[in-house]
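Using the working numbering, the letters of the sequence shown correspond one by one to residues 191 to 682.
Some hints here could point you the wrong way.
Per label pair, the in silico range of CB-to-CB distance [what the hints assert, rightly or not]:
{"no.": "1", "residue 1": "Glu257", "residue 2": "Phe572", "range": "22 to 28 Å"}
{"no.": "2", "residue 1": "Ala625", "residue 2": "Ser222", "range": "45 to 51 Å"}
{"no.": "3", "residue 1": "Glu373", "residue 2": "Thr513", "range": "21 to 27 Å"}
{"no.": "4", "residue 1": "Ala478", "residue 2": "Glu517", "range": "26 to 32 Å"}
{"no.": "5", "residue 1": "Arg659", "residue 2": "Asp473", "range": "43 to 49 Å"}
{"no.": "6", "residue 1": "Glu606", "residue 2": "Ala214", "range": "32 to 38 Å"}
{"no.": "7", "residue 1": "Ala481", "residue 2": "Pro430", "range": "34 to 40 Å"}
{"no.": "8", "residue 1": "Gly376", "residue 2": "Val263", "range": "42 to 48 Å"}
{"no.": "9", "residue 1": "Gln569", "residue 2": "Leu297", "range": "22 to 28 Å"}
{"no.": "10", "residue 1": "Thr513", "residue 2": "Arg624", "range": "26 to 32 Å"}
{"no.": "11", "residue 1": "Glu482", "residue 2": "Glu401", "range": "38 to 44 Å"}
Think of the hints as simulated: they come from the structure by calculation, not from any bench.
Bear in mind the structure is a predicted one, so any value in this text is a computation, not a measurement.
The beta-carbon is built from N, C-alpha and C at its ideal position, and this holds for glycine as well.
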Amino acid sequence: MASPASSVAPQVLVAANRGPLSYALDADGTLSARRGGGGLVSGLSAALAAQPEALWICAALSDADREAVRRGVSEPGVRMLDIDPAVYDDAYNGIANSVLWFTHHHLYDVPREPVFDAEFRRRWDSYTAYNRAFAEALAEEAAEGACVLVQDYHLALVPGQLRELRPDLRIAHFTHTPWGSHEFLGMLPDDIRSDLVWGMLGADLLGFHTELWAVSFVSGAHADDERGIAEPSIPRNSGPGVHHRRMTETGWYGERRFTPVNAYPLGVDGDDLRALAHRPEVDDKLAALRAEVGDRKTIVRVDRTELSKNILRGLLAYRELLTAHPEWRGRVVHLASAYPSRQDLKVYRDYTESVRELAEEINAEFGTDDWQPVLVSVQDDFARSLAAYRLADVALINPVRDGMNLVAKEIPVVSEAGCALVLSTGAGAYAELRADALTVNPYDVTATAEALHEALTMPADELAERTKRLAAAATALPPAAWFEAQLEALRG
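From just these sequences and the hints, can you work out the full model?
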């Protein structure tokens, strides 16, 4: 496909499943736009504020979004794609969230899962078509030599597809999840795994949140040499990355290329976050929480009810804290914000219900007339989350496996009295924050309970120093700098 002739075609493009806004359709047929949700959207929106001419390509996620596309309604700098809902569901729920997410987060119940059958192959065809729609839109919109930054595992095939359409473009792909180990990637059918990795290697630059995930990708690609992904005869002396051509039945073909693979650990913008946390609506939520908590200590967590977040073991650790250290009964409250996630999938609905049930069991076992041990919120309430951040004495972040986990960085920045961080080794943020966190094995409930006790009893001067260093580490690479670092590397 030829590049656009217009001189106003964008030089920087972002592709992501979710866009910076969504539409609502009123009863009278009026469409109204509102800001989109999610951590990736928040981070990219902040980063693109310094790129006013950039274009964000995303999927229409709702009937209202699709209606906006059909009517030609759009906002500056945004293009939504009206992808067939059945294709989208196959790609998003059937592959991205039910296969790739589980693979990268090592979540399979292996005696039962995964199963790669004819239905999986049909859904993979939809995933390929969904990625193709993004690649074609990017190829249509991008100026000659433009930089394209593709986001996350939903769009893993786009770089390879786009390179075929527009070899003049500079293409990056950033994965916001972990990258699965070779053992878990090896569960995928050989041709599917080859397509997945080859799609990623269409990029001129691959980014991950941590060195661990970057190394996992590189080592996995090299381990697949015999399956025709990376060409083993090429010296690997160009820094972290993969030399590659593709193999067919007749041998290697195409130009030898090298794709660098780098770590860009996304941080938070401290000034913006603190400003958000001190808006009037947050002050109101904080007053309500203080009325419920009183003068007790608080252990705060804020998560989606995502299987990898390990909320159930966190609640079990809190229950063990109250059992092993009864002196904390009546003196601490666990503020657990667990927002429902991916409720289209039964396994997530069941998990959300299990969180509610376990919290109720703890309250029934330990609660008194004037003390409720666990205050659970299952509503997506950003203002309440920020209020909980400000109130936090302890932050509990214990994922089994996480690409980064920005909450681990946000709470120490916002906490008013200083915050002890209990952090699992499975969080991507572990690499940056481990020196000043109390680190735990995410599966060890007893060790997590003891870490909570240590956090609650931490001396004030130590707490203040740790919080200060945690906040400095958390703000080292805020979204604008994170994005610019990748853009500079791509242009370079």
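Legend entry - Hint numbers not upheld by this structure, sorted from lowest to highest: 3, 5 and 7
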